[in-house]
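Number of protein chains: 2
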Amino acid sequence: MMPLIDRARLLADLDALAAISAPGAPGVTRVAFTPAFDEGRRWLRARFEQAGLRAAVDAGGNLIGRREGDSGLPPILIGSHSDTVFGGGRYDGALGVLAALAVARALRDQPLRHGLWVCDYLAEEATDYGVACVGSQALAGALTTDALALRGPDGRSVAEALRAVGGAPEHLNEARLAPGSFAAALELHIEQGPRLERADARLAAVSGIVGIRRVRLLLTGQPDHAGTTPMDARHDALAAAAAIVLRLEALARATPEAIATVGRIEARPNQGNVVPASVALAAEIRSLQPLLIAQIWGALLEGAQAECAARGVTLAVQALEDAPPALPAPWLFDLVSNVCRRLDPRAIALPSGAGHDTGYLAAIGPTAMIFVPSVGGRSHCPEEHTSPSDLVLGAQALLEAVLAVDAGGTTSTDETE
Amino acid sequence: MMPLIDRARLLADLDALAAISAPGAPGVTRVAFTPAFDEGRRWLRARFEQAGLRAAVDAGGNLIGRREGDSGLPPILIGSHSDTVFGGGRYDGALGVLAALAVARALRDQPLRHGLWVCDYLAEEATDYGVACVGSQALAGALTTDALALRGPDGRSVAEALRAVGGAPEHLNEARLAPGSFAAALELHIEQGPRLERADARLAAVSGIVGIRRVRLLLTGQPDHAGTTPMDARHDALAAAAAIVLRLEALARATPEAIATVGRIEARPNQGNVVPASVALAAEIRSLQPLLIAQIWGALLEGAQAECAARGVTLAVQALEDAPPALPAPWLFDLVSNVCRRLDPRAIALPSGAGHDTGYLAAIGPTAMIFVPSVGGRSHCPEEHTSPSDLVLGAQALLEAVLAVDAGGTTSTDETE
Chain A
1 MMPLIDRARL LADLDALAAI SAPGAPGVTR VAFTPAFDEG RRWLRARFEQ AGLRAAVDAG
61 GNLIGRREGD SGLPPILIGS HSDTVFGGGR YDGALGVLAA LAVARALRDQ PLRHGLWVCD
121 YLAEEATDYG VACVGSQALA GALTTDALAL RGPDGRSVAE ALRAVGGAPE HLNEARLAPG
181 SFAAALELHI EQGPRLERAD ARLAAVSGIV GIRRVRLLLT GQPDHAGTTP MDARHDALAA
241 AAAIVLRLEA LARATPEAIA TVGRIEARPN QGNVVPASVA LAAEIRSLQP LLIAQIWGAL
301 LEGAQAECAA RGVTLAVQAL EDAPPALPAP WLFDLVSNVC RRLDPRAIAL PSGAGHDTGY
361 LAAIGPTAMI FVPSVGGRSH CPEEHTSPSD LVLGAQALLE AVLAVDAGGT TSTDETE
Chain B
418 MMPLIDRARL LADLDALAAI SAPGAPGVTR VAFTPAFDEG RRWLRARFEQ AGLRAAVDAG
478 GNLIGRREGD SGLPPILIGS HSDTVFGGGR YDGALGVLAA LAVARALRDQ PLRHGLWVCD
538 YLAEEATDYG VACVGSQALA GALTTDALAL RGPDGRSVAE ALRAVGGAPE HLNEARLAPG
598 SFAAALELHI EQGPRLERAD ARLAAVSGIV GIRRVRLLLT GQPDHAGTTP MDARHDALAA
658 AAAIVLRLEA LARATPEAIA TVGRIEARPN QGNVVPASVA LAAEIRSLQP LLIAQIWGAL
718 LEGAQAECAA RGVTLAVQAL EDAPPALPAP WLFDLVSNVC RRLDPRAIAL PSGAGHDTGY
778 LAAIGPTAMI FVPSVGGRSH CPEEHTSPSD LVLGAQALLE AVLAVDAGGT TSTDETE
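Chains as they are written, first to last, in this note's numbering: chain A, 1 to 417; chain B, 418 to 834.
No lab work stands behind these hints, which were simulated from the structure alone. A hint or two may mislead.
Derived coverage of chain A by chain B (criterion: at least 3 residues anywhere in the stretch with Cβ under 8 Å from a Cβ of chain B; other residues may be distant) [claimed, not checked]:
#1 106–119
#2 187–193
#3 207–216
#4 242–252
#5 343–356
#6 375–385
Reference excerpt, derived from the structure (chain B facing chain A, CB under 10 Å, subset only) [claimed, not checked]:
#7 T544
#8 R580
#9 P611
#10 L635
#11 T646
#12 L655
#13 I661
#14 A684
#15 R703
#16 Q706
Quick caveat, the model's predicted, so the values are computed rather than measured. Glycine included, C-beta positions come from ideal geometry on N, C-alpha and C.
I would like the entire structure built from these sequences, with the hints used as guidance.
Have a look at this one:
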């Protein structure tokens, strides 16, 4: 008989983790490398151990609860991330970690040929340090020394912040997973968009994860007196930045298969009576098609250089991240699609507009993702919501996918591209 | 014989005050309501007392050193402000205060019919509290309860910050100067623009101070996931703000007799992977012609409303300041012009593009200003510079203007409009 997810316990776990949030901050706020995140991690670690898993933080800062396989076969990785954006919601990341924990509990007395790793990948969301997916990048050997040297607003480098959560930045190779070292990596996540809801479906097998290019643009003008400097004698970094914000938006609007965002702006000296001397922008472009990302970036850079040159503003570009689009292993996508359709006849396939840790893991082994609906498509905000039945159905799909991989997946791992 | 400014002592005072600056901040940083500002005030107060002045802070937070007049005639006010912008220079404000102190010293043993007030007006520069010219507004009865309720980044209101520097926000009427209560208010200042230098002149009598309208624009959109929200479903407050920044710049560029600036921008949540939910902009428009200020503001507001409506972003406007243009009293302008031409045959008359405390005082009594050159027109930056000879010449002009007012000015005060 098929084991079942313990509905009440999963929902109670989701409530308990959502209650761990930075005091005074909106919604659920467990930004990586902050005290609320550390508290969430301590809570999770205790839960992992109560479920009979051996819990440890690896060199890449990932909290992993392990169970050995009866046949010594490579592990099946299930999980997501416990960090959130500032003012985020209850389910982005947390659902995937706690559903994985619920799967481990439901299978506790079930023989499994493969090992099972319940994973809380470190720092999936982009933080003020300027890098996202820190833990899954470490597993994939993709975390660069440039990224480790980035500094957050508290003055610490990513390496120092990583060490503070129990990672070992000087021994990142110990965290790295070799190709073939896992049988499958599966992630349950909320869709964070409106398409499941529009299709009246409750489950989706994810057909691909968009690639993301993230850059920081640094514009340097000149801080002059706002009252005495004629308009034609200014080197206004904010006006140049405004033109770049609008140009990127226009480029993305003109490209149906891509989206782009400037989510962050910092101006100096940021005083009403001084012409802005410098502005830093964080920009990102997302698409399933690398060519479109490259085209938009090329056009943005060309326009930004011309805009800055015309204003006597200098432009510097810092590459923060360049994650390629990631496709699921075909056999695993088929396996997950079958599980989803069995549980929900209306289940669909969807690409993911959001980046996920699974995008990095796809480079080293077979991966797949399952989506459940987001009410109104809202995410990264306190209003983020998914119905309890959909949360539990998603966890059940994850469980059944694990059993299907355990039953037959190993014979197919060589077929992955 | 004409008394003379003590050159060495004035220059040493300017050095000493410039050395009082926030640790680690660029240039000279004595932002009002910060510890460095308080330290500068303590230093100044001791200097005022050493010069034989009775020093006190009035209800409006102005530090004033007083000397009585021999004939009991109303005082002549001389001074400027000791606060600076963040990362400002050595002379903006400081010159006017320390030159006034040098005048008081040079005239210490000289009989004067009028009283003499050496003034350090509080918080001339716009701070993060969102209001400028706090002290001179208090003297003119122009400080609104709205302005007193504004809060700075430290959470204090302007009223609380005013109290912390020795002011009495609940007794502002005590600071208020009635019309006719002073014989003249004179301010020496650096030009902060390039025109004296271009004219090869060392002194200017100021023909008028521009009016300034300062507003805060609050744009509220919706914080959605930057990866899953289609471009046409966004309510991006930063993109709307960018359009407003460029519109204000274009309006000012099209209006030769006006300038305008967005000097400050704050975005929330300001994370790379969240569509910006809200943006606050501080905008200002300056002109000698109130009609041009009103026209630009009207066009900006109309455009901003349309831009926000098209994006599903709400717009709120908070008026911060609306200082009318200020003209000097004609008799006092003539008097100052004569003094300047006597000391520098190439002296000119100039309007001031910058706002000054004198702009508020002009509403209640006869005022005039004297400018000395700014090298390269630079100001509000560490590079701000004026030659020592020009600094001393400006102070000497201030001294001679005080003596001229004391000799004959009182008979003319009734002629001011």
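Hints, verified against the model:
1. 106–119: Since three or more residues must qualify, the claim that chain B covers the region 106–119 of chain A is violated, with 0 doing so at under 8 Å.
2. 187–193: holds (count 3)
3. 207–216: With 3 residues close enough to chain B, the hint holds.
4. 242–252: Three-residue rule met by the region 242–252 of chain A, so holds; n is 6.
5. 343–356: With 4 residues closer than 8 Å to chain B, the region 343–356 of chain A meets the three-residue bar; holds.
6. 375–385: With 5 residues closer than 8 Å to chain B, the region 375–385 of chain A meets the three-residue bar; holds.
7. T544: 8 Å, holds
8. R580: With a minimum Cβ separation of about 23 Å from chain A (threshold 10 Å), the hint on R580 (chain B) is violated.
9. P611: 8 Å, holds
10. L635: Because about 14 Å separates L635 (chain B) from the closest Cβ in chain A, which is outside the 10 Å limit, the hint is violated.
11. T646: 7 Å, holds
12. L655: 6 Å, holds
13. I661: 8 Å, holds
14. A684: 5 Å, holds
15. R703: This interface hint holds because 5 Å falls under the 10 Å limit.
16. Q706: This interface hint is violated because 15 Å lies over the 10 Å limit.
Violated hints, in rising order: 1, 8, 10, 16; the structure is consistent with all others.
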